[in-house]
Structures are given as structure tokens and as C-alpha cells.
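K.L.:
The residues making up each chain are set out below.
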Amino acid sequence: MDIFVQIVVAAISSGTPLLFATLGGILIERSGIIQLGAEGLMLMGAVIACMTYLNTGNLALALMAACAISAVLGVVHAFMCVTLRANQIVSGLALTLFGTGLSAYLGKSITGQPVAGAVPKVNLNFLENVPVIGGIFAHLDILTWFSFILVIVLHLYIHRTSWGLHLRAIGDNPPTADVMGIRVQTFRYGYIVIGSMLIGLAGADLLMVYSPTWIEGMTAGRGWIAVALIIFARWNPIRALFCAYFFGALDTIGFRIQLIGSEIPSYFLKMIPYIVTILVLMFLGWRNRNKPSGSPESLGIPYIREQRF
Amino acid sequence: MSKQPVQNTLAIEQPDLTPRRSKLLSLRIELDPTRKESPWWMTIISVLLALVFCGIFIAANGMNPITVYSKMITGAFGTTFGITETLVKSIPLLLCGIGVAIAYRISVWNIGAEGQFLAGAMAATAVTVYFPNMPVYLVIPAMIVFSILGGGIWGLLTAIPRTYFQVNELITSLMLNYVAMLALNYFVFGPWKDPKGFNFPGTPVFTDAQSLPVLGDTRLHLGLVFAIIAVLLYAFLMKYTRWGYELRLIGANPEAAKNAGIKISRHILLVMLISGGMAGLAGMAEVSGVTHRLMYGISPGYGYTAIIVAWLAKLNPLGLVISSFLFGGLIVGGFSVQTIGLPSSISSMIQGAILFFLIAGSMASKFRIRRNG
Amino acid sequence: MLETYSVEMQGIVKQFGSVTANDHVDFKAKAGEIHALLGENGAGKSTMMCMLSGVYRPTSGEIYIHGEKVKIRSPKDAMKLGIGMVFQNFRLVQTLTAAENIILGEKTSFWRGPGWMKKKQEEIEAIATRFGLTFPVDRPIWQLSVGEQQRVEIVKTLYRGADLIILDEPTSVLTPGEADQLFETLAQLKAEGKTVIITTHKLKEVMAISDSISIMRKGKLTHTMEKSETNERELARLMVGKELTAQKPLASRPKGKPLLIVDQLDVYADHGRKALNQMEFQVHEGEIVGVAGVAGNGQKELAEVLTGLRSWHKGSITFNGSPLKNASVRGAIEARIAHVPENRMKSGLAGSLGIVDNLLFKSYRKRSRYGFLRSRANRSWSQSLVEQFDVRTPGLDTPVRQLSGGNQQKLLFAREVDQDPLFMVAVHPTQGLDVGATEGVHRLLTEMRGQGKSILLISEDLDEVMQLSDRILVIYNGRMVGELARGEATREQIGLYMAGVRDEGDAEEEKVI
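Chains as they are written, first to last, in the working numbering: chain A, 1 to 309; chain B, 1 to 373; chain C, 1 to 513.
By construction, these hints were calculated from the structure, which means they are not laboratory data. A couple of the hints might just be wrong.
Said to hold, decoys possible - Here are the simulated EDC-like cross-link-like pairs (lysine to aspartate or glutamate), alpha carbons at most 20 Å apart as the crow flies:
1. C:K346 <-> A:E297
2. B:K193 <-> A:E263
3. B:K239 <-> C:D77
4. C:K346 <-> B:E255
5. B:K258 <-> C:D270
6. B:K258 <-> C:E342
7. B:K258 <-> C:E334
8. A:K108 <-> A:E263
9. B:K263 <-> C:E205
10. C:K300 <-> B:E255
11. C:K190 <-> C:E205
As the list claims (entries may be wrong) - Here are some chain B residues the structure puts well away from chain A; computed CB gaps all over 10 Å:
12. G82
13. F131
14. L149
15. K193
A quick note: this is a predicted structure, and the numbers were derived from the prediction, not measured. Where a beta carbon is used, it is the ideal one built from N, C-alpha and C, also for glycine.
The shape of chain A in the complex, shown without the other chains (with noise of 0.2 Å):
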């Protein structure tokens, strides 16, 4: 029982940067904009929450940091897929590539240094004494909790929210949303906004909760195992939660595997979860080779308001 325990904590503690880079990308998607800019909106995430923390001592400060730097990317990506119509696949990779260099560049100067312990934890010890649940939930951290009750908050209102409902309309079909007079350009924007923010935060979590000091490029691919897990949960912020601590179990289990005294080299272990998220995107495909995969239809394309149909 124990193990289990500690093997939910782990996924949890390691799955939750996923998720919210996930959950902020799910919205973006939705919306029907490609999204592949999230490893390099992390790692600006990250790295600007640990200057802000490191500088000022502030969690609130830090974190608000993150979400302004990665909302300022968010408007440059949005600019390029929604006004300019460029390329989304570029664009997302542009920002990628600029979020790592420019993340190495700013974080030269705090590179190893500490930020340990700054996020506080919610202490229910009242569940302390509860067998199973008691392990799991009593001594989770403020962003942990913040993303039980995302998940749930994105759940319902994309299912039961009039704004919801648009959001699904403009990613499946602009064209009919824009007729029926919801602003598709607007909304794209804001849901670009606002799911980068939460690929900032995502990086931030990292940074703060699970691996407290800044490293270059210390998301280490989870950017792009964000992007693999939106399609394993099929675009829906429940399952995201699942796929999302799913990774973040495979991500602790090398570690774990290394504990208990293998013969594996630790770099067999450490490839676990990219060789893992492969094979999971075969699977789907091969299972769902007949169906469609669930992606907004529109997903990609860019809107151009006054077409001729």
C-alpha cells in the first residue's frame, strides 16, 4: 500500500507541471490554433520565476511573472497563427527555439541556485489518519490544488458554458461560428492568452515545486510531451489529468527502478518516458486508424474572415 502511495505522490508531484502545460493547451487547441510552443514557454516560465523569486522573495510576484512573460509569447503567437495567418507549425517552433535561447541567456547569471520550499503546502491533518487518501492528499502544495480545481473549472465550462460552447464551435467550424456572431479572431486571442499563461505556470511549477533550482533547458522535453498528451486525452481536461500523471509516474519510475539497486543504467531508464509517449501515440494510431481522432476539426487552419465559399 505504501508504494502505491508513494507512486501516486510521484505522479502527482511530477505530473502536475504537465498538466497545466496540458490543460493550456487543450484551450489553445480547442480554439483551433496548433500549439508547439509550449517547451520554450516553459522554460520562460520557469526561468523568469526563478529571477523574480530569487530577486524579490515574492511566490505571488514569481508566479504572476511567469504567466505575464508566457501571456506576452502567447500575444506573439497569436499575432503570427490569427492576424498574419503564418504557418502555426513554425510559428509554434519559432517560439521554441527563441523561449530556449532566450531562457539560457537570461538564466546564465542564477544557474544552480536554490528556491527550494517556496511554494507552501496545504496541510489537512485531519486526512492524516485516513488510510490511501490520507497519503495522497494531505500534504499536497497550493498548486497542486490549484490544478485539481482547474481541471474541474475547464471541464465544465467547455461542456456547460454558453462561452464554452463557443469555444468548441470556433475550433471545429469558424466559419459557422463567425456567422452566428461569436468573434473568432478575439476569442482565438484570448484562448492563446490565457492557455500560454498556463504553459507559463507549468514552468513554473517545475521550476518552484519539483526541481527547485534553474538549469538551461530544464524542461527536458516535457514541452513536447505537453503536446503529445492534449491528443492522448483527446482534448479533454478530465483525461488530461490521468494522461498527465500517467507521464508523471513514468517519469519518477527510473528513479525508482535506480533505488532499488538495478543494473540498468540510469540513461535507459531516463529515455522511459520519450520511448513511452511513442509507442502510446502508435497505439492510438493503429487503434483509432478508422475513426477520427477527436482534434477540432479546424485544428491548423488558418480563419480568413471574408472567404468566398
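Use these hints to put chains B and C onto chain A, whose structure you have.
P.N.:
What follows is chains B and C alone, placed relative to chain A:
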């Protein structure tokens, strides 16, 4: 309702855009559908704007951007040493750039050149590790063949999920970069580590037979010739051959290519084999020509920079030569400003910014401003 | 006494770049009438109506609704003025339910629990029943038939309180039976005092349901008249701009040997649905066989199977005496089967490439040596084809997307005919072409027939099928349900077959997918 995989709808060239206008004072911004290519000066303006933009960050670091840039330029192009160093860096960029360009021609988004580069470097090194007594005249050819195969197979690992399982190649190729990096770390920290290397994470230094000849006392090596031959072959292939025609057709309209009896999946496999092979060859040239051993951190992100090189060149062969030279200079320049206390990652920041301004510029030049009436 | 008009559009000009779609059009429709806007494809009808519904904004001109000058900047503005439009390509979100589509864009009530949704569904059902427009409100759109989807669209306009309803080519996707049902609904709408405008190019419809008629040609509105003042013949003349030459029946030819024999063919569509079911038919040498049917009954899959783009599951295809290779485009090309695909720019031509590259599509394997293209020879060959087929182009390197639709189609025919095919599968070959270009295509097809070649003409345009075909096959639900020879085919009979009625009185209950 039939649905195509997303990849197919994303040709490099934008879909036919119909006129659109929005009112801005008495001027009108209009999208001109007939303009496909942005003018050449737009590329230059984009690069300059990116430099200005990065200048802001340099200034924020308390440096004068103009001083920094001029230092970078003299460092990269100002001396014979600088130029040969720039050429040395541009060899892997050009080879990887050809690799990604040929994949982008048919809208296969290979961003795994980094991993394919490492796979090629490892395969070439494997020759030196496992066949140390190979006849001298066979060593270099064997390393070349192994590196091309190694990179090519690494490329196939991306192409197979794409063609048979509809897996987005962006994610696969990127994941494989990390796998290749970890594999390389395993070898250089583990079984291939030089026993006499004082724990340095690298293989023993190559013998002369395992190293590419260099020009005089510079570090410029025979890899340059490989790169130039490769770019000539690429140009010739696209323009004059039947296969090049098929690739052009797939790139322009995959649906129509199917109607012409072209089996796209087979071409994707072949193209990724070549794309990975080029990056693999770059890896071989780097270990055999420059570092003379396989070691930790062998690539400062050549595979990623190659993506930008290919875009700057608009996949054009001559453009590839020019842009890989410029980006080689950017990397060398980045190292040269370390002496005045700036991190060398300045060059990767500038690279990202250039790509941003390039795509913004190429789209913006499709808009035309007209006076109303 | 001044008559009040429900809609009045004055001096409307609409330009797209350098193309003028509407040139000083004055259009009026009286309140409470069914007004038909008649014109050919590309005459500018839809553009006019899109300006009325706020999708486009006029370059210049004025619009009056009930005598008041208005500015319609967006579909929302149009909605507020009581204007609703049913587009030819439905504006429905496939993954949402019918009810969700109808309430889409509504700003009231941010929170939408199951109770709220139920109330709305009842409200929608009430409207639907009143006008005889039934459909399942809680099913996603992609599960509904085309006819049902159109009903959702009409209810959508009614739900939003439209009293001017515009329908753009409403019958182009319906069986004749469904069309009649639609006409009843339109009459009902009129009875409730709503104004209805339909755009169409079908004369029979106009005469059947409209009260007044406006005719557009080449972007201009040429005539407006009461139905009672005119007749079909006059309308045809006004629409086309010249007296339609009485269609000369094709000289009959002796029936040749069977060229294509399709036997017991089972084919699956993309997502595992059975698209062709025990399909059987033959095509003989030197005949044009028309395939009529409502879209989505297997036409697309049939064309794909015959040209090697899709595999078949069971059954056999014999072509020119030997079995056809399954799912091999090259096999089809080598067997000399030509293909004019449904959407020329989507799958027939590569828009960004030049003339030479587009002409080489099918023959580049022959026109190269040792893997190298014979560039110079191919250029002169292309030049001669361009001249022979009178393709108007600035040069051989011009991207073909810059050519007009007619010239693109000529180019495509040039490529296919140059292959000296025995058999051609032509899918909607005249879609989106003007009269002149349409005639050109028809002439090419009949010339091919004259040379003893066979053509399978798949078209949704019944007139075209009836005019050109030696035999007409009617496809329904993946099967050929009817066969009619040239003389004996009537619209009514084809219509019955298209609706799945095999013999009189034996109506099939199966739904059209």
C-alpha cells in the same frame, strides 16, 4: 465526413488566400493572393529587425548592443581564423539543413536532425571502437557509410510511425532527440569512455586514419567537400530528376500526387532516410573532422539551428549555403562575445528571434497597403 | 400608392480585388412573397445575398429594410434586422447537436445545466413542428441526413426571429421528393407572413414556387418580373443571355463491346462504413453512362475505386478484357483509365506549380529517361497541348491557380485526353464553370464518345446527365437501383430512384446517408 491527418493540410506554401481588407484610416490593408514569394529584401529586413529586437535584451544586460554585434561580426568574419571557424561550424549546419529541407519539401516536419546528427556521430564512432584494426583506406568510407545509415535509421524511426500509425512526426522526432542524447551520454560515460581520459566523458582520441584531413593548420576539414557535394546533389535532384518531380508534386498537393499514382508513404520513408542520413553524415564530419572523438555535449544544437537555416533559405540550395554560413558565423560570434562577459547562448536567442521575424516578414509582405478609393 | 418592400438593395457594387462580383445591382423583394433570384453559377446571386446577411460588406450601395436605410456590418446585424440565411454549404458545427447549433451565439445564460438545455430543446421542437420541419434535436449534426441538416438551418433562422429568410440553392442537395417537402414548408412560411428569397439556377423550381423573379447575369440584375408574366423559355433566354439552342440529341451509336464490368463490388468508406454494396453495372465501348444520385450515396467511392485510389473488399472489376488491379493508381493509368476528379484544385492540379509540371502528372514516367526528366522535350510537348486545347495562360511557368476555372479544366482535360484513354471517369466536370466553359467540356466529352471511347459521368446536375448520357444509372445507398435508356428517362422517374424507391409503391424505409 472524411478527415485528413493534420499534416497533409499543412503544405509549406500557404493555401490560396482570397483578398481581405480591413479599414485603417483612409488606407486599406489588402492581402494579395498572387504574391507567393516574399521579396528578397524582406529576408534582410527580418534579420535586421531580429537583431534590433535582441539588442533590447543585450542592452538590458548592461551592454551596448552595437559593441556586442560588432564584436560578434569581427569574431566570426573579421579574421582568417574566424572565417575558417565559421566554415567549420557551417558544415554540420549545411548538411543538417539539406536534410530538413528535403523533408520540409514534402511537408514532413522533421525536427529531429539533432538526434539524427548524434546517431550518425555514434555510428561513425562505433566503427572506430569495434574495428580498430580496419585497413587504413577503408576506415573513413566505413565511417561515412555507417553514419549515413545510423542517421537514416534514426530518421526512419520517425517516418515509420508517421506512415503506418498516423503519428505526428514533430513529436516523434523531438522525443528521439532526447533518446539519442541519452544514448550518447550512456556511451561516453560508460562503455566507450577513454580509460586513460581521467574520467573525461569521451572516447579515446581518433587515430589519423580515423580523422578527416584538414586544410593546412586550420581546423577546416574535408567535411566541407561533403557538404558542397550534398548541396549540389540536392539542387540537381529537385530540378532535373523524376524523383525530384515526384517530391515537388507531393509538396505542392499531396491529394493530386495520389491521383498521379504516387505512393506518398513510400516517399516519406525514403525522404526521411535521406534526411536523417544527411544529419548523420554531419555527425560523422564533426567527430572525425573537428573533435576527433565522441564526447559529451558534442552538438551545440546544430540540428535545431538547421531548421532555421532551412527556413531562411526557403529550402533553396543556394540559400542553404548562404544561410548556413551566416548561422555558422552567429555561433562563432556567440563564442567570441564570451570574453566580454556575455553567455554564448546569445546566439541561440538571436536564432529564435530571426525565425520569428522571418515568418512574420514573409506573411506581412503578402499584405499591401493601398489608399482607399 | 407606394408599395412597401421588405428588402430594397440599391446600386450595390461588390469587388473582390480586381474582380467585380456585383455591378450596380438594384434588387427588391416585397413583404410576404417568395422571390426567386435566378442566375447561372457565378452570376453573383450568392454574393448579393451574402451582403444582405452580413457575411460580406458591399463596396458601395445602400440597403433598406422595410423602407429604412440600414448598415449591415455583420451576420449579427442582419439577425437583429430579422434576416436569416440558409447557406448552400450549411453553417453547422458537425460535432455539436442540432439544438446546440441552433442556440449557438446566444449570449443569454452563461451557465447551461441539463435543465436549461432541455427547456431550449422543447422550445426548438415547438418551432420545428409548427412548420413541419422535424429532426432529432439532441443528436450531433454529423449523424443527420442532408435534408435534416437543412431543416436545422431553417429552424435556426426561425428560432432567431427571422422574418426574411434567404435560401441559397436549397434544392441542390435534395432529392426531388425532399425538394417538394421543402416547397411545402416555404409555402407555410409565406402563409405566416414571412418573406422568402431563394437563389437558384433551376427554372422548373422557379416556376413551381415563386411569386416574383429577378434574373442576374454576369454580376448585373437584368430583369425583375412576376411569375405570371413569364414562362420557362423566356427565363432561360434571359438567364443565359441567348436563346438556348435546342439540344441536339447525340447521334445514337451501335452498342459496342462491354469495356468495363463491375461485379458484386463491396467497398468501405474512410471510417469503416460500407459505401458500395454489391455494386453491379457495365459500360460499353463508345457510350457515355451517367450516374445520377443524391450526394453521398457512394459516387465518390465508386470514382475512387475505378481510378485505383481506393481498394475494394469483395467482387471484381474487369476492364478491357482483363481484371483491374485493386487499389493501384498506376494500374489504372496503365490500363488507360482517365480521371477528371471532383474538385480540380483539391486533387486534380497542383495550384502552385506551373503548366508543364501539371501536364506531366500522368506521363512523367514515360517522359523521363534513366530517372531524369527530359526538360526541353517536355516543354515543347506542353506548349503544343496548350495550343491544341486552347488553354489561355500567360506562360508555361504560370502557377495554375492563377488561371480561370475554365482554363484549369481545359488543362486537366488536355492532360487526360493526351493519354489516349479508353475510358474516362468524370466527376462533376462542369462544376463552377460558366456557360461557355461548360459547353466546351460537353463538346470534349461528346468528341471522345465519337472516337469510340467510354465515359462514366458522375454528376449531381440532372440536366447534364440527361443531356449527355446514352444510359443513366441511378445510385442509391451504394447500389445501382435504376437504369434508364436515353429516350425513356424522365426527371420524375430518376427522382423516384434517387430517393430509393425501386418500383412504384415499393418505398424503401432506409434512410439516405
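K.L.:
Taking the hints in turn, state whether each one holds.
P.N.:
Here is how each hint holds up against the structure:
For the proposed pair C:K346 and A:E297, the alpha carbon gap of about 18 Å is at most 20 Å, so the pair holds. Taking the CA atoms of B:K193 and A:E263, the gap is near 18 Å; set against the 20 Å cutoff, the hint holds. The hinted pair formed by B:K239 and C:D77 fails the criterion: a straight-line CA distance of about 53 Å is larger than 20 Å. A distance of roughly 7 Å separates the Cα atoms of C:K346 and B:E255; the hinted pair therefore holds under the 20 Å criterion.
For the hint linking B:K258 to C:D270, the alpha-carbon distance of about 16 Å falls within 20 Å, and the restraint holds. With a C-alpha separation of about 14 Å, the suggested pair B:K258 and C:E342 falls inside the 20 Å cut-off, and the hint holds. Taking the CA atoms of B:K258 and C:E334, the gap is near 15 Å; set against the 20 Å cutoff, the hint holds. Restraint check for A:K108 and A:E263: the C-alpha separation of about 35 Å exceeds 20 Å, so the hint is violated.
Of the pairs offered as hints, the one joining B:K263 and C:E205 is violated, with about 46 Å between alpha carbons and a cut-off of 20 Å exceeded. Between the alpha carbons of C:K300 and B:E255 the distance comes to roughly 14 Å, so the proposed pair stays at or under 20 Å and holds. In summary, the hint linking C:K190 to C:E205 is supported, as the alpha carbons are separated by about 16 Å, within the 20 Å threshold. Listed as a non-interface residue, B:G82 keeps its Cβ farther than 10 Å from every Cβ of chain A; the least gap is roughly 22 Å.
Distance check on B:F131: its Cβ is at least 24 Å (rounded) from any Cβ of chain A, clearing the 10 Å threshold; non-interface status holds. The claim that B:L149 lies off the interface holds: its Cβ sits roughly 21 Å from the closest Cβ of chain A, which is beyond the 10 Å cut-off. Against the 10 Å criterion, B:K193 stays outside the reach of chain A, whose nearest CB is about 12 Å from its own CB.
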